[in-house]
Each structure stands twice: as C-alpha cells, then as structure tokens.
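Here is how the chains run, residue by residue.
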Amino acid sequence: MNAIQLDKEGHLKHFIGIEGLKRALLIEILDTATSFISVGEKAVKKAPILRGKTIINLFFEPSTRTRTTFELASKRLSADVLNFNINTSSSSKGENLIDMLRNLEAMHCDMFIVRHNAAGAAHFIAQHVAPNISIINAGDGQHEHPTQAMLDMYTIRQHKGDFAPLRVALVGDIQHSRVARSNIYALQTLGVSELRVVGPKTLIPKGIEKFGVKVFNDLKTGLRDVDVIIMLRLQRERMRGALLPSAHEYFHYYGLTQEVLKVAHPEAIVMHPGPINRGVEIESKVADGKRSVILEQVSNGIAIRMAVMAMTLGTQRETY
Amino acid sequence: MSINQIDMLLNSMASYLKNKLKFQQRDAVLMIGIHTGGVWVAERLHAMLELSEPLGQLNIAFYRDDFSRIGLHPHVKPSSLPFEVDNRHIILVDDVLHTGRTIRAALNEIFDYGRPASVTLAVLVERNGRELPIQPDVIGCSLCLDSGKQIKLCGPEPLYLDYKNTR
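Here the protein sequences line up with chains A and B, keeping their order. Numbered according to the numbering used here, the first sequence terminates at residue 320, and the numbering increases by one at each position without gaps. Numbered according to the numbering used here, the second sequence terminates at residue 1167, and the numbering increases by one at each position without gaps.
These aren't lab readings, by the way, just hints derived from the structure by calculation. Every value quoted in this text rests on a predicted model; they were computed, and no experiment measured them. Treat the hints with caution; some may be incorrect.
Simulated coverage check for chain B against chain A, where a stretch passes if three residues somewhere in it have a Cβ under 8 Å from a Cβ of chain A [what the hints assert, rightly or not]: (1) 1058-1065; (2) 1077-1089.
Pairs of lysine to aspartate or glutamate, DMTMM-like flavour, derived with a Cα cap of 25 Å [to be verified]: (3) K1077(B) - E1053(B); (4) K42(A) - E1053(B); (5) K75(A) - D1066(B); (6) K46(A) - D1065(B); (7) K45(A) - D1086(B); (8) K42(A) - D1162(B); (9) K46(A) - D1086(B); (10) K42(A) - D1112(B); (11) K1152(B) - D1137(B); (12) K45(A) - E1084(B); (13) K22(A) - E9(A); (14) K1152(B) - D1065(B); (15) K1077(B) - D31(A); (16) K46(A) - D1066(B); (17) K42(A) - D1066(B); (18) K45(A) - D1112(B); (19) K42(A) - E1043(B); (20) K1149(B) - D1162(B); (21) K45(A) - E1053(B); (22) K75(A) - D1162(B); (23) K1077(B) - D162(A); (24) K45(A) - D1162(B); (25) K42(A) - D1086(B); (26) K46(A) - E71(A); (27) K46(A) - D1112(B).
Where is the CB? At the ideal position from N, CA and C, for every residue including glycine.
Construct all of the structure, not just a fragment, from the sequences and the given hints.
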C-alpha cells in the first residue's frame, strides 16, 4: 500500500491507511497538526496555502462529524470544497465509479476525500485517478480510517506526552471497526508499552493476537491500570446475524460506567470516535465527565485533517 | 561579520528605534519577530527597549507564495501572538530583507489576527534584490551582494552572519 501512498521521496501523496507507514511520518503528521492549531485561534481562521485548490468530499456512506471537519479543514486552508452525496447523485442513475471519476477529474479537482462502505475503495480510486489528484481515505468499510487514528494519537500525545510508557485499551466492537484497525497500527508504530482489546468474543476478530495485542473478554480485567481507554461504537448497521443478545445486555457487560472506570489508572482519559450511543457502550456520566476527551478529539480532528491535506497536496511539486 | 559587529548593529538599531518611538509618541508598542532569525534579533531588541508586552513570534510557512513549488516545511513551529493586535503599533523584525516576499507573507498573517494601527519594519541586514515594493524603516546595515550570494543569520548564541553561494 505504501507504494501508492508515498512519492519517490517518501512524502505523502495519498493517505489511505496507517498500515506500513513509518513512525517518523506519523510524528511529522502530529507535529504539522500542532502548527495548524494556531490557525483556529486567529480572528480570521484561515491560512492561504491551498488557495485555488478544489477538494471534493466524496461520501458514499453517511457521515456528519468526519465530513464537516474535513470541510472545515479545507476551508481553513482556503481551498474550495464540493460535497458529493452519492445517494443523491448519479450512482443511483446507474453511472459507474470510473465514469464518475473521469467526470470529476474533468472539473480540475486536486483532492478527493473518500468514504465508502467497501474496504479498499479509497485505494482503488487512488489507483485509477489522474496522477495530479490526491486521495484521502475518510473510512473504507471495515478496513481503515486513518485520519481518525491520527487525531486519536494527537489527543493521546496532548494529554500523555510520550507513547512509550502507555497502556491503551480499545473496547467494544473491534470486529466491525475500521477505527480500531487504524488505531492498532498507529499505536503499535508509535510504540505503546501495552495494547489491549476488550469485548465479547463475537466482536473480536479471530487471530488478532498476531497484531501484538492482548485480548480480554472481561471489561474490568481489561481496563485495570490502563492510561487510555478508546471506546468504540457498536456498529449495528454492519452486523449480520445474531452477534449480540441486546443493547441493554451489552451495556450490562461492556458499558463504560463510573464504577468500572475506577479500575483504570486515576489519570486515565476516555476517548470515543463518535457518534456515541449513550447507555449502550458508555454511560452519560462518563461521556460528559472530567476524564472524557471526546470533544477535544473533534477539535483536534480539524487540525489533523488540515495537516494531512497540506502534506499530500504539498508533495505535488510542479513537474511541468 | 564578527559577533562584536552584530552587537554594534543591534545597539544602533535599538537607539534609533528608541528615538523614533519617542518622536512618534508611541510608548506601548508590540514587537513581533519572524522565525527563525527574526525572532533572535527581536529578542535582543525587545530586551534593549525594555518593552512590557511579551514578544510575538510569527511563522509565515502557511503564507508563503511558493507552497505549490516547494511544499510544506515539515517542522513548522506555530505562530504565537500573545496579545490583541487591533489598533496597536507593531514593530515587525526580521534578520535579512531581500526579495520582500517574507514581509509580504508576514503582513498578510498579522492582518488575519486583526487590524494594527501601524507596522514598522526593522531588519538587521538590508540587501539588494527586492521583488516587491517593501522597504525597511530601521536598518542595522545595508549590503550590496551579487544575485547568486545568500546571507543568513545563524544563532542563537552567538549570532553571526553566514554567506554562501547559491550558484
């Protein structure tokens, strides 16, 4: 995958997934995002570096947070943004994906932000798109959601500084979660001391241990002494068959409550990629509590997305 | 140019600025240095003028006009202006004034923070090769160099000027 993500000099050209990216590059993304934070603090919340560039949000799957933060990030970099909601466009009239790409290319765009329910969609588009266009994966099926992972890393670094001593737990629906997958790659590359996945057997993929994670089926055991808790949303829309008895029962065994939180490190932070299902995977008191950094994740998402856009479009040096 | 000479230039800039501010009856001025060399010069001037407000730092990487050609510098330190710039008199400080493009970018960034009452430009070295109609108000020294020559301030301790050929 790196063959397509990086240019000859090792700079980001597309951002499809975390898998295989070097630690130095992940750190560079985090550092660049830090410098973009100040843009949001100015009276005019803009920097002109992508002025004149056209960015298309190509969303084949519904999204609010990711799409709006990508849109805001594009606008803060002074790019022009088009939102393509595929349900309402010509794919419902029978146009195929390649034809659609050719049409969008003809509009002289510079970047597509792609969300699709099929794994590999962003990669496929990167392979077939004109060479001057960058692709950013905003979530493809159960594969990856790399900007979410990077904003999670940013939030962790902001609160904990160093990754090396940390114990991190990913909790919930690991099976259907692209966020979990990208986070596992990112946390392993950045080198946390211990990475755990916690959830019912039916929602943890078989053989996940080969990624260097420890599996726990009991929530309290899994959260003992952890520094960072990343809760995952129960992805009912992706579940086929009876993986869970009921949301109520799930909360009973795997819902994060204040009571359960006591087993974690006293300074532990609670994260969630959103949208949160209150009373299913997390109790409101925890989601709104002082250990929760869920809204900071949203703000940091803008800076991370600005960084990734500037870095990918910045590699397109004039070759003519 | 030796270290002592840099100190001399800084001294003369500080006393010129002091008189100028007195004449203009501007006491509560703000000072902003441009990364990296401009910040070093600004730190010295800020101390010599005993300014009460903290020093601002500007990183113009996001405002450069050659982004599409050279891309983003990987280690951009964020700008920090720990004050409101609206209706304030600002002294903008850089190490070398050459094409004027850096100052153009810096002015654009300052105006994204607010509308200052005035901006005065102070540079340690002013050299030939301007590509924009931008001129300094306070100068340490003026140099006439071949177009292939580059001059750069190195530091922060000690400060010295480094020349190199780009051709």
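Structure versus earlier hints - violations, ascending order: Per hint list: 8, 22 and 24 violated.
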